[in-house]
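First to last, the protein sequences are chains A and B. With the working numbering as the guide, the letters of the first sequence map in order to residues 1 to 165. With the working numbering as the guide, the letters of the second sequence map in order to residues 166 to 370.
You can take every hint at face value.
Computed footprint of chain A on chain B; a stretch qualifies when at least three of its residues, placed anywhere within it, have a C-beta under 8 Å from a C-beta of chain A:
{"no.": "1", "segment": "247-253"}
{"no.": "2", "segment": "278-284"}
With a straight-line cut-off of 35 Å between C-alpha atoms, the simulated DSBU-like cross-links for lysine-lysine are:
{"no.": "3", "chain 1": "A", "residue 1": "Lys144", "chain 2": "A", "residue 2": "Lys66"}
{"no.": "4", "chain 1": "B", "residue 1": "Lys241", "chain 2": "A", "residue 2": "Lys144"}
{"no.": "5", "chain 1": "A", "residue 1": "Lys11", "chain 2": "A", "residue 2": "Lys66"}
{"no.": "6", "chain 1": "A", "residue 1": "Lys87", "chain 2": "B", "residue 2": "Lys241"}
Because the hints were derived from the structure by calculation, they are not lab data. Quick caveat: nothing in here was measured; it's all calculated off a predicted structure. The beta-carbon is built from N, C-alpha and C at its ideal position, and this holds for glycine as well.
Letter by letter, the chains look like this.
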Amino acid sequence: MASPETLQKLKERFPEAEISEFRGQHRAVVPAGIVHDVLKFLKEDVGLALIIDITCVDYLYYPNAKDRFGVVYIVGHPETAERMIIKTFVNDPAPTLPTVTDLWEGANWLEREVWDMFGIRFEGHPDLRRILLPEDFEDHPLRKDYPLQGRGERHNIPVVTRDLG
Amino acid sequence: MTDLPDNVVITKLDALVNWCRKNSLWPMPFATACCGIELMATGASRHDIARFGAEVFRFSPRQCDLMIVAGRVVMKMMPVLQRIWLQMHEPKWCISMGACASTGGVFDTYAVVQGIDRFIPVDVYVPGCPPRPEQLLQAIIDLQEKIQREGTASGREASRRRQPPRALVEDPRNPRLVVAGPPLFASSENDPAGGRMSDSETSAT
Numbered sequence: 001m002a003s004p005e006t007l008q009k010l011k012e013r014f015p016e017a018e019i020s021e022f023r024g025q026h027r028a029v030v031p032a033g034i035v036h037d038v039l040k041f042l043k044e045d046v047g048l049a050l051i052i053d054i055t056c057v058d059y060l061y062y063p064n065a066k067d068r069f070g071v072v073y074i075v076g077h078p079e080t081a082e083r084m085i086i087k088t089f090v091n092d093p094a095p096t097l098p099t100v101t102d103l104w105e106g107a108n109w110l111e112r113e114v115w116d117m118f119g120i121r122f123e124g125h126p127d128l129r130r131i132l133l134p135e136d137f138e139d140h141p142l143r144k145d146y147p148l149q150g151r152g153e154r155h156n157i158p159v160v161t162r163d164l165g
Numbered sequence: 166m167t168d169l170p171d172n173v174v175i176t177k178l179d180a181l182v183n184w185c186r187k188n189s190l191w192p193m194p195f196a197t198a199c200c201g202i203e204l205m206a207t208g209a210s211r212h213d214i215a216r217f218g219a220e221v222f223r224f225s226p227r228q229c230d231l232m233i234v235a236g237r238v239v240m241k242m243m244p245v246l247q248r249i250w251l252q253m254h255e256p257k258w259c260i261s262m263g264a265c266a267s268t269g270g271v272f273d274t275y276a277v278v279q280g281i282d283r284f285i286p287v288d289v290y291v292p293g294c295p296p297r298p299e300q301l302l303q304a305i306i307d308l309q310e311k312i313q314r315e316g317t318a319s320g321r322e323a324s325r326r327r328q329p330p331r332a333l334v335e336d337p338r339n340p341r342l343v344v345a346g347p348p349l350f351a352s353s354e355n356d357p358a359g360g361r362m363s364d365s366e367t368s369a370t
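With the rest of the complex left out, here is chain A:
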C-alpha cells in the first residue's frame, strides 16, 4: 500500500490521475501520454525507485470495458516497502507506450515480455525482441483473440525418424 503522503504528492502533481484503493492496494489510472512523467516523478521525487513488474491485461470481451489493453506498472519503495500500481490504457491498432528503460535498466526484459505476449510496442526501447517465444513466432499469444491451442505452431516442427539418426 502507498502512504498518504505519496498519494497526496501524486494528486497535487497530476490531478488527472484517478486514484483508487482495493483491499489496501493503491492504484492510479493515468492517461497513456503522461505515464512516463508519472513514473519519473514517483521514482525521483517520491522515492518509489524500484520497478517490481510491468505487465498487461487484455480487456477484449470484458464487460463494459472501454479500452483494449491495460498496461500495469508496479513500483515499490526500497526502504519503506510501500507499493503503488500505475495503470494506463492503450488501444489497437499498434498499441504503443514510451519505454521506461531510461528510468530503470531492469525494465528492459519486462517490456520485452509485454511485447512478446501482448504485442505492445515500447517507443525508445533499446532492444525490443521476443524474450520467451521463438523469434519466428508471429502472434502474441496472451491476447484474448489468440486461440488457447495456438494456430498450429506446436506442430510445425520437422520430424526426426530413425532413418536420420
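Knowing the structure of chain A, use the given hints to seat chain B on it.
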C-alpha cells in the same frame, strides 16, 4: 561333432551382444519437469536403477544409449531435443516418461508439444503424472526385453527401423482437430488407418 565340455556355452553372437547392451543402458536424462524428480528418485539408493545396469547418467549425448524424456517439451525446446537425439550414437533408445512427454498431458496449449513421439522416435511410453520410480524401472525392464528380442550385433535393425508416420498437422481453423499429415513413407499409401500406426507396423522388423 564331439561333445562339448561343461564349461563351454554356445550362443548366438546377437544374443551375446544384446545381453551386453541391455545390461549397460546409459541414460541421457532430458528432465524438464516434475517427472525429473521421480527420475532422480529412481537413480537414488532406495529404488536403485543400478540394479538394471542403467545407473550411469551421462549428460553428454555422445556417451548415452537411452534418452529418458521426463516432462513436458515446448515447441521451442523440441529442436534442442531432436539435436540431442541425433547426437546420440546407434544403438539408442528412447523412453517417453510421464503423461506430458507422451501426450502433452494437461498442457493443451499453444506452446506445448502434444507428445514427443510426433517428432522423435519413442520405444517405451510410461504413463503417470508423474510415474512412480517402479514404473520407470518396469519401462527399463520392458526395454531390456525388447533389446534382447530384436537387437543384432551389426545393428542392422536400427537402420531398418521405421518410425510410424505420425507427423500430425493441426487444422488452423479448428486447432482441436488433428489430422494425419502427408505420408512419410511410400508403404503407408495403402494404409487404411490414414497413416496411423497399425498393429502390423509396431511389431519389430
